[in-house]
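Asker: Line order of the protein sequences matches chains A and B. Under the numbering used here, the very last position in the first sequence is 362; numbers go up by exactly one each time. Under the numbering used here, the very last position in the second sequence is 1521; numbers go up by exactly one each time.
There could be a bad hint or two in this list.
Covered by chain A, per the in silico footprint, the following chain B stretches (three or more residues, Cβ under 8 Å) [what the hints assert, rightly or not]: (1) 1270 to 1282; (2) 1394 to 1408; (3) 1421 to 1434; (4) 1449 to 1461; (5) 1477 to 1491; (6) 1494 to 1506.
Calculated directly from the structure, the hints in this document are not laboratory data. All C-beta atoms in this analysis are idealised placements derived from N, C-alpha and C, irrespective of residue type, glycine included.
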Amino acid sequence: MSRQVFAYIIHKDGVVDDTAFEMIAAAGKLDPDALVTAVVAGTGAELSAVCDEVASSFVEVWKIDNEALAYIDAEVLRGLLVRILPKDSIVLVPHDHFGMDLAPGLSIKLETAYLPDAVDFEGIEDGKLKVVREEYSGQVSTHVLCDISNGAVITTRPGAFKADESKSANGKIVDKTPEAMEGDFPGGARRFLEVVEAEVGDVDITKSDILVSVGRGIDDEDNMEIIFDLAQAIGGDVSCSRPIVDAKWLEKSRQVGTSGQTVKPKVYLALGISGSFQHLGGIKGAPFVVAINKNAKAPIFQFADVGIVDDILDFVPELADRINDLKSS
Amino acid sequence: MEILVCVKRVPDTSENEIEVNRDGTDIERDDLVYSVNEWDNYAVEEAIQIRDKVGGSVTVVSVGDEEAEEVVRREMAMGADKGILLSDDTFEGSDGKGVASIIKAEVEKRNYDLIMTGAQADEGAGQVGGMLAAMLDWPYASLVSLIEIVDDKKIKVGREIAGGNQEIYEIDLPCVLSIQTGINEPRYVGIRGIRKVASMEIPVHGTSELGIDPESVGESGAQVKRLDYFVPELGEGAEILEGSTDEIIDKLIELLKAKGGIK
Ligand SMILES: Cc1cc2nc3c(=O)[nH]c(=O)nc-3n(C[C@H](O)[C@H](O)[C@H](O)COP(=O)(O)OP(=O)(O)OC[C@H]3O[C@@H](n4cnc5c(N)ncnc54)[C@H](O)[C@@H]3O)c2cc1C
Ligand SMILES: Nc1ncnc2c1ncn2[C@@H]1O[C@H](COP(=O)(O)O)[C@@H](O)[C@H]1O
């Protein structure tokens, strides 16, 4: 019998997240013979539209339709999924802020193994799946064996698997709502109140053509000046990685990444930024990326077009001076 | 409020470049500087602030070898009231579920209102908190970047989502929260602070104190096992500019001009 793999589909405002199609590719790598079923939760017309779109790529789509799922709370969803997912199945969930809320507990409730943040699969042997992961924010990779003989919940890193968007599946949509709603409505101990939107800052980095982005390598708030000087010299705006916001050296609206802003500049300078996937996830539109980092093995050099291995505290002021000289001459 | 904070001792990535050792069995451990997992420091700070506001106590707990005691002590120097080390030879090689079940056994020995973990640790997993909550059947919220105490039965939390936005929930106690960096500004701990707690006793609990089956944890209980460390086949990567600083700057300015990177 073919292995059953389920992919939990993230969607927002009627738009299916890219990770949906990435999980088809991930499931194919996991087991080429797998039957992949999409699981979609939500309500009303929006859910129907999402199911139709997903059905063009998945052979089967399970939907859970309930008014209370207009905004999906992972605690509620977990309770519903446990009722419909067959024992021993493999469940794929994107490793994002939603998946991190849902998935670890789901593996406990389904009594299966849990494998977080997979970036690649390298086959199954004796009921054990060989998975590629990263540790220390991508500084090293590992092979991990995950015992999937009783199924598994696996989160896949967004962007790590190349999306399969062949629209040839014409899948059938199965309504799993009655089964999911059997019993008390789950999740009562945590109640969703509202979404608070991010504060708007003084610059909108999502509109900038040139970003001078600074990371933890800057080391001290007093050094921030050299970044602003360079930005002024080249006519760009200053953005940053998360630790700079955590330290309160810049406002949150300047943070690039999955929990910050998504930017689409023409040129991106990454200064003292290691290149974690959460940071890179906020850089879209294939800009020309220059990385300056004193560690020649920093992951950012795999992402950048041009790299300079140097200390930003020395290099950046010199660069700014030279550009200013050029301009005044 | 009785608060338990889970802390892990990890190689400090701001002090070390992490490299694979020669045969790929481990990372290069010589001269590694260890510290408490960055995220856990925020969790302990938050716990201390809550205790100072509403009363109660903060206990820090770590699963690890005897060296993990140093991070427990450091967090006590920050202001935690108690420390517990969960340590046993049979714990070695535990996967996330193993660690969560060891902590669960400790949790069941006392009445806690709130358990906090970091959002993730050195392996980038982000799993222990969510598993622990599910094992205890307590509500859970991950990536928490705001906590407000409502009363002794419930709290309000903000979870970080995309775009810098926050989801706000009301959540009943007892619960488990995973804490995101930036929620507060962890206080500095000096040598003096460490000295102050140097003589405080940190009990060590193993399988017998915790009443867990040694087979269910450690290497033997693990469903997930690391095979090796490696450096992936690198793709093209960046073109690294070489030469004197002057030459590099010339080249870079030329490139930036061509790409519209200088206005
Ligand atoms: C759920 C979640 C969401 C997240 N969202 C985001 C997000 O939106 N955006 C984000 O950025 N991060 C995010 N993170 C954090 C992310 O995982 C990394 O911790 C973070 O991106 C690291 O920032 P960094 O590269 O500046 O720091 P580090 O990883 O510490 O890297 C600093 C770099 O600077 C280099 N360096 C040090 N000194 C110098 C010097 N003098 N000269 C040159 N180079 C130097 C070092 O070699 C190193 O490569 C998120 C994490 C989680 C768990
Ligand atoms: N060995 C450990 N001892 C105590 N707490 C841990 C341990 N491992 C993980 N944790 C907790 O779980 C959080 C997330 O870690 P992880 O799930 O390993 O990414 C950490 O920030 C800690 O709070």
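Asker: Take the hints in turn and mark each one as holding or not.
Answerer: Cross-check of the supplied hints:
With 6 residues having a beta carbon nearer than 8 Å to a beta carbon of chain A, the region 1270 to 1282 of chain B meets the requirement of three or more and the stated coverage holds. With 6 residues bearing a CB less than 8 Å from a CB of chain A, the region 1394 to 1408 of chain B meets the requirement of three and the coverage assertion stands. Requiring three or more residues with a Cβ within less than 8 Å of a Cβ of chain A, the coverage given for the region 1421 to 1434 of chain B holds, as 11 such residues are present. Restraint check on the region 1449 to 1461 of chain B versus chain A: 0 residues with Cβ-Cβ distances below 8 Å, three needed, restraint violated.
With a cut-off of 8 Å between beta carbons, the region 1477 to 1491 of chain B has 10 residues touching chain A; three or more are needed, and the interface restraint holds. With a threshold of 8 Å between beta carbons, the proposed coverage of the region 1494 to 1506 of chain B by chain A holds, since 7 of its residues qualify and at least three are required.
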